[in-house]
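Participant: So the sequence lines, in the order shown, correspond to chains A and B.
Mapping of the first sequence onto this note's numbering: position 282 corresponds to residue 282, and the numbering continues sequentially without gaps.
Mapping of the second sequence onto this note's numbering: position 228 corresponds to residue 228, and the numbering continues sequentially without gaps.
Certain hints may be false.
[Stated by the list, open to error] A partial selection of chain A residues facing chain B, derived with a Cβ cut-off under 8 Å: (1) Y71; (2) E76; (3) K81; (4) P82; (5) R88; (6) A89; (7) L121; (8) W191; (9) A335; (10) K337; (11) L341; (12) T376; (13) W377; (14) T544; (15) K546; (16) A567.
Honestly, the hints are just simulated from the structure, not real lab data.
Even for Gly, the Cβ is constructed at its ideal location relative to N, Cα and C.
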Amino acid sequence: MEYILKNGIVYDPINEVNGEKKDVMFKDGKIVDNVSDSAKVLDVTDKLVMPAGVDVHCHLAGPKLCLGRLYRPEDERRGVKPKTDITRAETGFSIPSCPATGYRYSRMGYGTVVEAAVPPLEAKHTHEEIIAIPNIDIPTLPLFGNNWFVLQFVKEGNIEDLAAFVSAWLKITKGYGVKLVNPCGSEAWGWGMNVHGIDDPAPYWDVTAREVIRGLAEANEMLGLPHSIHVHPNDLGHPGNFPTTLNTIDCMKDIKKNSEYRNQTIHLTHAQFHCYDGTSWRDVTSGVEPVADYINKHDHVTMDMGQVTLDETTTMTADGPMEYDLYELTGLKWANKDIELETASGLVPFIYSGRNPVHSLQWAIGLELALTIKDTWKVALTTDSPNAGPFIRYPRVISWLMSNQRRMEMMDNKEVHSWAARKSSLATLDRDYDFYDIATITRAGPSKIYGFEDRGHLGVGALADIAVYDLEPNNFDPSINAAAVEQAFGNALYTIKDGEVLVKDGEIVKVVSSRHVWSNVQGFEDEEKRVIEQIMPMFNKYYTVKFENYKVHDHYAEPSCEYKINASK
Amino acid sequence: MGYEEPVTDYDKIVENCTCAFCGSNCDDLDCLVKDNHVVAVRHACRLGASKIMEDEDQRLKVPMMRNENGELVEVEWETALDAAAELIANSVRPLFYGWSETSIEAMKPGLELTELVGAVIDNQATICHGPTVQAVQNVGYPLMTLGEVKNRADMVVYTGSNPMNAHPRHLSRYTTFPKGWFRKRGRYDRTLVTWDPKYSDTAKLSDIWIPFEENGDYEFVNAIRAVLKGKKLKKDVIAGIPTEDIYELTEKMKNTQFGALFFGLGLTHTLSKQRNIDIAIQLVQDLNKYTKWVLLPMRGHFNVNGFNIFMSYEMGFPYGVDFCRGYPRYMIGETTTIDLLNRKEADVFLVIAADPGAHFPSGANMHLVDIPVIQIDIHWGPTTELADIVLPGTFIGVETAGTSYRMDSVPLNMKKAIDPPETCREDEWIVTELLNRVKKIKEASK
Numbered sequence: 001m002e003y004i005l006k007n008g009i010v011y012d013p014i015n016e017v018n019g020e021k022k023d024v025m026f027k028d029g030k031i032v033d034n035v036s037d038s039a040k041v042l043d044v045t046d047k048l049v050m051p052a053g054v055d056v057h058c059h060l061a062g063p064k065l066c067l068g069r070l071y072r073p074e075d076e077r078r079g080v081k082p083k084t085d086i087t088r089a090e091t092g093f094s095i096p097s098c099p100a101t102g103y104r105y106s107r108m109g110y111g112t113v114v115e116a117a118v119p120p121l122e123a124k125h126t127h128e129e130i131i132a133i134p135n136i137d138i139p140t141l142p143l144f145g146n147n148w149f150v151l152q153f154v155k156e157g158n159i160e161d162l163a164a165f166v167s168a169w170l171k172i173t174k175g176y177g178v179k180l181v182n183p184c185g186s187e188a189w190g191w192g193m194n195v196h197g198i199d200d201p202a203p204y205w206d207v208t209a210r211e212v213i214r215g216l217a218e219a220n221e222m223l224g225l226p227h228s229i230h231v232h233p234n235d236l237g238h239p240g241n242f243p244t245t246l247n248t249i250d251c252m253k254d255i256k257k258n259s260e261y262r263n264q265t266i267h268l269t270h271a272q273f274h275c276y277d278g279t280s281w282r283d284v285t286s287g288v289e290p291v292a293d294y295i296n297k298h299d300h301v302t303m304d305m306g307q308v309t310l311d312e313t314t315t316m317t318a319d320g321p322m323e324y325d326l327y328e329l330t331g332l333k334w335a336n337k338d339i340e341l342e343t344a345s346g347l348v349p350f351i352y353s354g355r356n357p358v359h360s361l362q363w364a365i366g367l368e369l370a371l372t373i374k375d376t377w378k379v380a381l382t383t384d385s386p387n388a389g390p391f392i393r394y395p396r397v398i399s400w401l402m403s404n405q406r407r408m409e410m411m412d413n414k415e416v417h418s419w420a421a422r423k424s425s426l427a428t429l430d431r432d433y434d435f436y437d438i439a440t441i442t443r444a445g446p447s448k449i450y451g452f453e454d455r456g457h458l459g460v461g462a463l464a465d466i467a468v469y470d471l472e473p474n475n476f477d478p479s480i481n482a483a484a485v486e487q488a489f490g491n492a493l494y495t496i497k498d499g500e501v502l503v504k505d506g507e508i509v510k511v512v513s514s515r516h517v518w519s520n521v522q523g524f525e526d527e528e529k530r531v532i533e534q535i536m537p538m539f540n541k542y543y544t545v546k547f548e549n550y551k552v553h554d555h556y557a558e559p560s561c562e563y564k565i566n567a568s569k
Numbered sequence: 001m002g003y004e005e006p007v008t009d010y011d012k013i014v015e016n017c018t019c020a021f022c023g024s025n026c027d028d029l030d031c032l033v034k035d036n037h038v039v040a041v042r043h044a045c046r047l048g049a050s051k052i053m054e055d056e057d058q059r060l061k062v063p064m065m066r067n068e069n070g071e072l073v074e075v076e077w078e079t080a081l082d083a084a085a086e087l088i089a090n091s092v093r094p095l096f097y098g099w100s101e102t103s104i105e106a107m108k109p110g111l112e113l114t115e116l117v118g119a120v121i122d123n124q125a126t127i128c129h130g131p132t133v134q135a136v137q138n139v140g141y142p143l144m145t146l147g148e149v150k151n152r153a154d155m156v157v158y159t160g161s162n163p164m165n166a167h168p169r170h171l172s173r174y175t176t177f178p179k180g181w182f183r184k185r186g187r188y189d190r191t192l193v194t195w196d197p198k199y200s201d202t203a204k205l206s207d208i209w210i211p212f213e214e215n216g217d218y219e220f221v222n223a224i225r226a227v228l229k230g231k232k233l234k235k236d237v238i239a240g241i242p243t244e245d246i247y248e249l250t251e252k253m254k255n256t257q258f259g260a261l262f263f264g265l266g267l268t269h270t271l272s273k274q275r276n277i278d279i280a281i282q283l284v285q286d287l288n289k290y291t292k293w294v295l296l297p298m299r300g301h302f303n304v305n306g307f308n309i310f311m312s313y314e315m316g317f318p319y320g321v322d323f324c325r326g327y328p329r330y331m332i333g334e335t336t337t338i339d340l341l342n343r344k345e346a347d348v349f350l351v352i353a354a355d356p357g358a359h360f361p362s363g364a365n366m367h368l369v370d371i372p373v374i375q376i377d378i379h380w381g382p383t384t385e386l387a388d389i390v391l392p393g394t395f396i397g398v399e400t401a402g403t404s405y406r407m408d409s410v411p412l413n414m415k416k417a418i419d420p421p422e423t424c425r426e427d428e429w430i431v432t433e434l435l436n437r438v439k440k441i442k443e444a445s446k
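Please work from the sequences and hints to get the whole structure.
Facilitator: So this is what it looks like as structure tokens:
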């Protein structure tokens, strides 16, 4: 099927298209440079056209999500929608059911969403949920930062075997890249403890976060994986944690990058939670300045926001000790899920409120980060969904970024507590993002960060993943129309995925299966085999499942989108 | 039990099969197969092995329907499926119950059928660990996978459950006996505790047995929590236990390095029901202020947890989900099976991989006598006596591969070892057939 998307105002930062009126043509799911006369015309004259959104970090499928749904029916009862002829029923607000997750991303014009934390032992569960989520491609990031085999290889300084292990485990779990969460700290949580800073060793292991981060980064670059290591540093959400964040990204500066597409060697995720100054929640202030300053001066790091949206939500992370701290702070129901040999995790519901000084400061810090980092290619829009807020609030975050007027209004009208203005520099930042910047932080940048050469842009040969929004950039000033921006980005005029129209006028018109996106490293097979043989005695003795039953069998990852990576040794 | 000679007469061994009995889902079974029959099972406990080997016993092999005389007689698959589809399509309040002993793959078309006709879908949790889920929704859920206990635990507590009889390999494979990374000497490195009014087989093995009085569980756990918070107990004996024992136990629990609490239906079904679980969970949460504690419910069927997980990710609610309004509703006491039957609401009852005839209260079963019952199962049981249409399925994990979730939510791909009887059909196939036939009837009547 051929299509021509006519006369839209196109923003495609990877191809440096900045608001040009032009046609976008696609055929058989790919962007092409010409189509025949019989092509179907979709008239989008003067409307905003962008590549479909790419989300760098969201928790949308897997055991944590499922636990959240199971223990929070009060959340599931929000956002209920009956079935239609095309869609199934929807439930949930911060932790929507799988079908609702797919529909909602699709309605916002998203095409690819990364599931940011997968315990390898339960990767099958994550893939089962992906099967139940429609309309978006989903790469997954298996957790490596507290894996016992990783800790051992790092302790021995054996980077080559570590690389082979990572390569094998990406195949076994059908994973895309390497995720670290509170390295060594989640292992310490196995004993109800935590580590502080990157040089505090995990109990009994004598390995530090610094060593794990560097080891996995070296392995990642040895394999030449499309994405860099994806790091949730130690000390998340603790006042005075910004030095840990700086140490984490700074310890990476001499690691050599082995990828032509991406620029970074470390992706710092949900940075908002990692930029606090002060010593307690009483004297906490923004720690954005030193972190933003560092990122402005160095090119080996990218970040995503983790923007607080001031909603009632559900926090969930593999950072087990942090969730217990949160439980002690709020007293709300605490769930925990430790995974043998691999990781910890926890959940606590959380009610962010603009009346609360700390939450308001957190809100300000996320925006402050995005507005003080000069190069938008280093910034990605996230809410660490559902931790700082559910992903359906992205349009609202976009409206905040595009309008200083709206931000000032919120601070002046007491929609947020005065701490937002007093303890951060947000009130002094009058920068407004334009549509090109928004396209960069929600499409182009994320796809570059992940090394997706085939998506996040509208060049010839790219996947025909396109979003059209009901805004006319040439007759519209987003800086004074926040509500209209939010409305438009939340209800795409068209969402096109692989050349098929899935959303029209904000409603789902077609449902397709999501693809499981994973990295298949080529050229490390012998090393993988040797390393698997080497670790098998330990595997058999300390896991409670057989290796044969551990892996994600192919039928759990269909339909799949496999990227073959040529490892350069 | 005398000595039995090892079985040497077999054609092949199928390794690493997953046991389709209890929620332990041991995935290390080796099935010895001869002439398409499992003649021996290595590594399994007696419960698992006998279920797998004596599978032919009372096996449902052909589709059956009840005739005018009230007798079940053999019919063609077509006839039985059409009749079942007709019943479902024309019902007003259909109720689809069971699912805990079949695969996730069979649940998928089952849910689709539920959504199509606006039925209620529910599983065995409604009569077993339902109170646990309610408690979890009240206060939280500090869990782990079983390997965490194997590798780290130095104190293991069982209460309201007797794994030596009900989950026979639980102690030997996961919690107490195996040598773990940080517990190199296995059993010798751990303290095993049982809180139970009965001197059960698990209690006999334990280092400490706390026989609180029947229905004394809430009071007993409450006392531990009080001591933990620094309170002084005012009675000499609480729930039948001398207070000095409670002080001593609390001290031990506080000073352990990694503790794990396992509880079963003995806790969910005594007087205080979900409040028992509330307080047990809160105890574990309190203990985490001092050291590391986790807990886990002892789930019964091998995929009872799987259904709750499946429904949660598909539709947001774990069990007892009503679709009659076109969107899912979950109201305990309103949309749960026993209540629907007691109120005589359901007008067609589909039961798959469950035996309500044996397990439901008689009031609920009396309503089943009055309405059409469609049974999908592999064995003849009390439910078959109530059934009007019987559709013989296959044995997941032995005859058919499929996905299940262990009690600690670890997903497993269960292999098949032998071929099913020719006259039987896979659960997934049967449910998909019903779905397609109901769709046709609905379309025709539009």
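Participant: Of all the hints numbered above, which does this structure not satisfy? Sort the numbers upward.
Facilitator: Per hint list: 12, 13, 16 violated.
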